[in-house]
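There are 2 protein chains.
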Amino acid sequence: MKELEERILKDGIVLDGGVLSVGGFLNQQIDTGLLSRMAEEVRRLFADAVVTKVLTVEASGIAIAIAVATAFGVPAVFAKKSMTSNIVGDVYSSSVHSFTHNRDYRMTVPKRFLSPLDHILIVDDFLANGAALQGLISIVKESGASLAGAAVEIEKGFQGGGDLIRASGVRVESLAILDSMEQGKLVFRS
Amino acid sequence: MKELEERILKDGIVLDGGVLSVGGFLNQQIDTGLLSRMAEEVRRLFADAVVTKVLTVEASGIAIAIAVATAFGVPAVFAKKSMTSNIVGDVYSSSVHSFTHNRDYRMTVPKRFLSPLDHILIVDDFLANGAALQGLISIVKESGASLAGAAVEIEKGFQGGGDLIRASGVRVESLAILDSMEQGKLVFRS
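Chains as they are written, first to last, in our numbering: chain A, 1 to 190; chain B, 1 to 190.
Incorrect hints may appear among the rest.
Below 27 Å or equal to it, Euclidean Cα-Cα: the simulated DSSO-like pairs (lysine-lysine) are [as the list claims (entries may be wrong)]:
| # | chain 1 | residue 1 | chain 2 | residue 2 |
| --- | --- | --- | --- | --- |
| 1 | B | Lys10 | A | Lys111 |
| 2 | B | Lys80 | A | Lys141 |
| 3 | A | Lys10 | B | Lys10 |
| 4 | B | Lys111 | A | Lys10 |
| 5 | A | Lys141 | A | Lys185 |
| 6 | B | Lys141 | A | Lys80 |
| 7 | A | Lys81 | B | Lys185 |
| 8 | B | Lys80 | A | Lys81 |
| 9 | A | Lys80 | B | Lys80 |
Only part of the chain B face toward chain A is listed, based on derived beta-carbon distances under 7 Å [said to hold, decoys possible]:
| # | residue |
| --- | --- |
| 10 | Ile30 |
| 11 | Asp31 |
| 12 | Phe46 |
| 13 | Glu58 |
| 14 | Ile62 |
| 15 | Ala63 |
| 16 | Ile66 |
| 17 | Ala69 |
| 18 | Thr70 |
| 19 | Pro75 |
| 20 | Ala76 |
| 21 | Val77 |
| 22 | Phe113 |
| 23 | Ser115 |
| 24 | Pro116 |
To be clear, the hints were calculated from the coordinates, so they are not data collected in a lab. In this text the structure is predicted, and so the values were computed from the model without any measurement. Beta carbons: idealized from backbone N, C-alpha and C, even for Gly.
Pulled out of the complex, with its shape left as it was, chain A reads as follows (with noise of 0.2 Å):
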């Protein structure tokens, strides 16, 4: 999407160990014009899939899965991250490895929030190594839903999990992709 890339290059920052900052306009501060543009980006990108159920996990996921859920007209669900691997109640559960943070957390979704006759279409804002995205996967499948596939603002391409998870025969559409940003300079796959 073009406008996401121009704006990634005007108002993202690079930090070290290849952090991309875009708390600006997307994350802590959110441009809600450039929100709703993506989200309707999204519709389309998915207008031949059947959604009934947006899907995220807390907290950065959760403006783009409202915005996209508001688009399809359906519900938008969050899993929550706990730290603990006690699980209480009836949920479904995925343990997930945080890069960011070198720890493990579990992700929960209450059972009777996904149901087999659900499709879901997963959203988050980054996508990277995809260990969030294959634990939101994991939930879909063992609640039974059919998976119409993920939507991500932000791929980091050059680290793979996208592309790993495309070849598992799920269908991912992100918004911008970025192939390299060595020595602070973006580069996006075209």
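For chain A, the structure is supplied; the task is to place chain B on it using the hints.
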């Protein structure tokens, strides 16, 4: 807001300890149609106010903040919660006591996201004792921005936080105000 009150009566669950669970339509799963209509109602209530940014605190305030900011056509800003009192960087911060988790935390907003030229509408999902809202108000005051007021989805009127903040001169609009939850029976302020 009639639709919200009826939905709370239909799908809200009163748990032990006076907790009202609305996870099925306002929280962990979100009815995006209802969310959009609540955002339009907030825009109507503050139609006479100047609003340049919507401010909330992560994570449960994000959904309604995104919807309200989209309705106003302005950016949304999220205060982050931190368990440490060691705040680094150029941020506004406020210490808040969480009665739900019985511990203190700090909320922080980068200074670059709030300016004295801004008119801030604070948005949150719940208002009970008002600690989180007081923290956000304190951050707005510290920044020198004008405070247009606060809008919340559900106020627990019997806990008094909302009326205390109103008495301090801040405009607080709640879409539903519960005056009692005794024995699981919900009574709304008319």
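Evaluation of the provided hints:
1. As the CA atoms of lysine 10 (chain B) and lysine 111 (chain A) are separated by approximately 20 Å, the hinted pair is consistent with the 27 Å bound.
2. For the proposed pair lysine 80 (chain B) and lysine 141 (chain A), the alpha carbon gap of about 32 Å is over 27 Å, so the pair is violated.
3. Restraint check for lysine 10 (chain A) and lysine 10 (chain B): not satisfied, since their Cα atoms lie roughly 47 Å apart, outside the 27 Å limit.
4. A hinted pair counts as satisfied when its Cα atoms are at most 27 Å apart, and lysine 111 (chain B) with lysine 10 (chain A) qualifies at roughly 20 Å.
5. At roughly 38 Å between alpha-carbon atoms, lysine 141 (chain A) and lysine 185 (chain A) are farther apart than 27 Å, so this suggested pair is violated.
6. Taking the CA atoms of lysine 141 (chain B) and lysine 80 (chain A), the gap is near 32 Å; set against the 27 Å cutoff, the hint is violated.
7. The suggested pairing of lysine 81 (chain A) with lysine 185 (chain B) is violated, with an alpha-carbon distance near 32 Å, which exceeds 27 Å.
8. For the suggested pair lysine 80 (chain B) and lysine 81 (chain A), the alpha carbons sit about 16 Å apart, so the restraint of at most 27 Å is met.
9. The suggested pairing of lysine 80 (chain A) with lysine 80 (chain B) holds, with an alpha-carbon distance near 17 Å, which does not exceed 27 Å.
10. Taken as an interface hint, isoleucine 30 (chain B) checks out: its beta carbon lies about 5 Å from the nearest beta carbon of chain A, inside 7 Å.
11. A hinted interface residue such as aspartate 31 (chain B) counts as satisfied when its beta carbon comes closer than 7 Å to some beta carbon of chain A; here the least separation is about 6 Å, so the hint holds.
12. With a least beta-carbon distance of about 16 Å to chain A, the hint placing phenylalanine 46 (chain B) at the interface is violated under the 7 Å criterion.
13. Taking 7 Å as the C-beta contact cut-off toward chain A, the hint placing glutamate 58 (chain B) at the interface holds, the least distance being around 5 Å.
14. For isoleucine 62 (chain B), the interface hint holds, the least distance from its beta-carbon to any beta-carbon of chain A being 4 Å, beneath 7 Å.
15. For alanine 63 (chain B), the suggested interface contact is upheld, since its CB lies about 5 Å from the closest CB of chain A, less than 7 Å.
16. Of the supplied interface hints, the one on isoleucine 66 (chain B) holds, with its beta-carbon coming within about 5 Å of a beta-carbon of chain A, less than 7 Å.
17. The criterion of a C-beta within 7 Å of any C-beta in chain A is met by alanine 69 (chain B), whose closest approach is roughly 5 Å, and the hint holds.
18. The restraint placing threonine 70 (chain B) at the interface with chain A holds, with a minimum CB-CB distance near 4 Å, inside the 7 Å limit.
19. Hint status for proline 75 (chain B): holds, given a least beta-carbon distance of 5 Å to chain A, under 7 Å.
20. The closest approach between the C-beta of alanine 76 (chain B) and any C-beta of chain A is roughly 5 Å, which is under the 7 Å cut-off, so the hint is satisfied.
21. For valine 77 (chain B), the shortest C-beta to C-beta distance to chain A is roughly 5 Å, which falls under 7 Å, so the interface hint holds.
22. For the restraint placing phenylalanine 113 (chain B) at the interface with chain A, the shortest Cβ-Cβ distance is roughly 5 Å, inside the 7 Å limit, so the hint holds.
23. For the restraint placing serine 115 (chain B) at the interface with chain A, the shortest Cβ-Cβ distance is roughly 12 Å, beyond the 7 Å limit, so the hint is violated.
24. Contact between proline 116 (chain B) and chain A, as hinted, is not supported at the beta carbon level, the nearest pair being about 17 Å apart and thus beyond 7 Å.
The structure does not agree with the numbered hints 2, 3, 5, 6, 7, 12, 23, 24 stated previously, though it agrees with the rest.
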